Amino acid sequence: MSVIEAVPDYDRPPKVREPAPSSGRLRRIARTLLINAAQLGIVGLAATFLMFVLLRTIPGDPARTVSGPGGSVSPEQIARIRSELGLDKPVVVQYFDWLSAAAHGDLGKSLVLNDSVTTLLSDRIVVTLQLGMYALAFALLVAVPLSVLASRFTSDRANRSVRLVGTLGIAVPSFWLALLLIIAFQNVLPTFGYSSISDGVGAHFQHMILPTIALGVGMSTLLFETTRASLIGTLNSDYVRTARSFGIPERRVYSRYALRNALLPTVTIAGLEMGALMGGALLVENAFAVPGMGRLLVQSVLARDYTVVQGCILVLVIVVVSVNLLMDVVYSFIDPRVRTDNA
Amino acid sequence: MPESFGAALSPSSPIAPNTRQRRRFMARILSLPGQKVAWSILFVLVSAAVLAPLLAPHSPNVQDLTSTLAPPSGEHLLGTDDLGRDQLSRLLFGLRTSLAISAAVTFGVMVIGLPLGMLAGFTRGIANTVIARLIDVGLALPSLLLALALIAAMGAGVTSTVIALVAGYTPYLARVTRSVVLKIREEEYIDSAAVSGVPTWRIIVRHVTPNMIESVSVQLTLIFAFTVIAEAGLSFVGLGIQPPTSSLGNMLALGSTHSIDLPLMSIVPGCTIALVVITLLVCGDGLRHALDPRSNR
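Residue numbers (the numbering used here), protein chains in the order written: chain U, 1 to 343; chain X, 1 to 297.
Isolated chain U (complex conformation) (with noise of 0.2 Å):
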């Protein structure tokens, strides 16, 4: 028997992949996931409501909005106007039928431009997710080598840079950025507007590039302060310098067992932000002329247009409550220990 084989096992770096989960954790992580996905369901429910019945109380009468300006309009035809709409129904019926109508689909016609809310989101829903999964992507292709990089470097004076990066991060809006970015890029890149991706890659990428560098920064920051913070912690565990010991080249240290563990809390963060992430690019949108749902929002909100208004917060509440739904459901197949009570 050699030396090395009589190690004992507890001194071994511990095995990365982990046994299939047992059904029986599987049956946990359903629950858990059922339960969050009906909190969820909830919270959205209450949101949307709030959103109805808050739109609701605009004080212009929205009858007015759909008759156009000028105000000759009889009180007859208002009334007939707002029976049309089936405002002259209780809030709580207005938003059952409001709601049951969206199962199906139909989200109401808009008051100004002559089209269907649907046929308006769907245009424009595909271009503020490009949009924001770029942004995401490019956050993590850039914060995640750089934390690998910064995670070297532990002093003091190291901290103070991480922690002034972050800080210009979160001080430089996403929306300015864009405006530096035109300034600085107009004679070299398409500063406003969108071009379909059936339209050309090449073309789609040169229009995209700027709105997802301006909305990508800011979460890249973040990202990486969280990143390398939790990198330096896992650099310091025991299993890794255990496996150190072992002689494991340092490449596959950082692999295999300290980033994977060190990208939990950036997955956390990163989903905490999406929904913060998609306000940004409400404005980037707007910033940049592309044809997204923050600018349909922001001309809806302008023009009043509320049957538009409310088919946009639908659909942003949706968004925004899958993403973290979809986060929830990444992190507990990542994190062996992810909490199955509903604590």
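Wrong hints could be hidden among the right ones.
A few chain X residues that don't get close to chain U, going by computed Cβ distances all over 12 Å [stated by the list, open to error]: (1) Lys-36; (2) Ala-52; (3) Gln-63; (4) Leu-65; (5) Leu-77; (6) Leu-148; (7) Asp-191; (8) Thr-200; (9) Val-205; (10) Ser-215.
Examples of chain U residues lying across from chain X (beta carbon under 7 Å, computed) [as the list claims (entries may be wrong)]: (11) Val-43; (12) Leu-45; (13) Leu-55; (14) Ala-171; (15) Val-172; (16) Trp-176; (17) Leu-179; (18) Ile-182; (19) Ile-183; (20) Leu-272; (21) Gly-275; (22) Gly-279; (23) Leu-283; (24) Val-298; (25) Ala-303; (26) Ile-313.
Everything labelled a hint here was simulated from the structure, so no lab data went into it.
Given the structure is predicted, the values throughout are model-derived calculations rather than measurements.
Built from N, CA and C at the ideal position, the CB exists for glycine as well.
Here the structure of chain U is known, so what remains is to put chain X in place on it, guided by the hints.
For chain X alone, kept in the frame of chain U given last:
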């Protein structure tokens, strides 16, 4: 005697920091690296905003159509906009508007969020559950989205911007307050005060409030900073502060229409926003370090 026992166990001075301790606290913040600079800049920014009517070389809304979009000169240090209004004066008044709005929003968030969070943290039962769920709903929505919905309902303007942002940020403060109170509630001095018959309202006023005020104040500096950005964002898309009143955000919006011929119009207000936010974040950081007993630097 329960009363005297209670009085002995519920001292006011060791919990509420006295003036001397406060002074030492401020000295501790200022001794941290970079804090002197940050607090000085904050002082300058706030003074500039407060004294804007005295400092501004011109009236911010007076138009001079003979010198529109002028580059910086001795007369107009930052040039003029497309209506010939002095940009430096508009910047000072814009800073004033933005800081005033953020102050109002932060105050509103404090007045609503603090009692809500305390109520949710200190009581058990229905109030706790209802408020906690309300906070969840508020947090599930991005602040900006909630603010946009409220502005859709109320129309753009100063009042609706303030109300919308208060609604957007109150859940954050309420959540932090609730978690701090939940922790304080488990402390032994709260138990001993309760056991010795101190009424609940008095426990809240004398024992809970002084202990949470400092961590809440850190949160408030953050909310102040985020509000500056949020107001700028709303005004940038035309849903916040309406012209002719200048704010950092609507100056940026106007600048964006001239980003090619007069980049200074979008660079200057943007830099001001960034400076305000960085200063607030660094000051907040100093507060947090000075409050954290683990950092003895």
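Going through the hints against the structure:
{"no.": "1", "hint": "Lys-36", "verdict": "holds, 15 Å"}
{"no.": "2", "hint": "Ala-52", "verdict": "holds, 22 Å"}
{"no.": "3", "hint": "Gln-63", "verdict": "holds, 24 Å"}
{"no.": "4", "hint": "Leu-65", "verdict": "holds, 26 Å"}
{"no.": "5", "hint": "Leu-77", "verdict": "holds, 21 Å"}
{"no.": "6", "hint": "Leu-148", "verdict": "violated, 6 Å"}
{"no.": "7", "hint": "Asp-191", "verdict": "holds, 24 Å"}
{"no.": "8", "hint": "Thr-200", "verdict": "holds, 27 Å"}
{"no.": "9", "hint": "Val-205", "verdict": "holds, 31 Å"}
{"no.": "10", "hint": "Ser-215", "verdict": "holds, 19 Å"}
{"no.": "11", "hint": "Val-43", "verdict": "holds, 5 Å"}
{"no.": "12", "hint": "Leu-45", "verdict": "violated, 9 Å"}
{"no.": "13", "hint": "Leu-55", "verdict": "holds, 5 Å"}
{"no.": "14", "hint": "Ala-171", "verdict": "holds, 4 Å"}
{"no.": "15", "hint": "Val-172", "verdict": "holds, 5 Å"}
{"no.": "16", "hint": "Trp-176", "verdict": "holds, 4 Å"}
{"no.": "17", "hint": "Leu-179", "verdict": "holds, 4 Å"}
{"no.": "18", "hint": "Ile-182", "verdict": "holds, 5 Å"}
{"no.": "19", "hint": "Ile-183", "verdict": "holds, 5 Å"}
{"no.": "20", "hint": "Leu-272", "verdict": "violated, 9 Å"}
{"no.": "21", "hint": "Gly-275", "verdict": "holds, 4 Å"}
{"no.": "22", "hint": "Gly-279", "verdict": "holds, 4 Å"}
{"no.": "23", "hint": "Leu-283", "verdict": "holds, 5 Å"}
{"no.": "24", "hint": "Val-298", "verdict": "holds, 5 Å"}
{"no.": "25", "hint": "Ala-303", "verdict": "violated, 10 Å"}
{"no.": "26", "hint": "Ile-313", "verdict": "holds, 6 Å"}
Consistency note: the structure conflicts with the earlier hints numbered 6, 12, 20 and 25.
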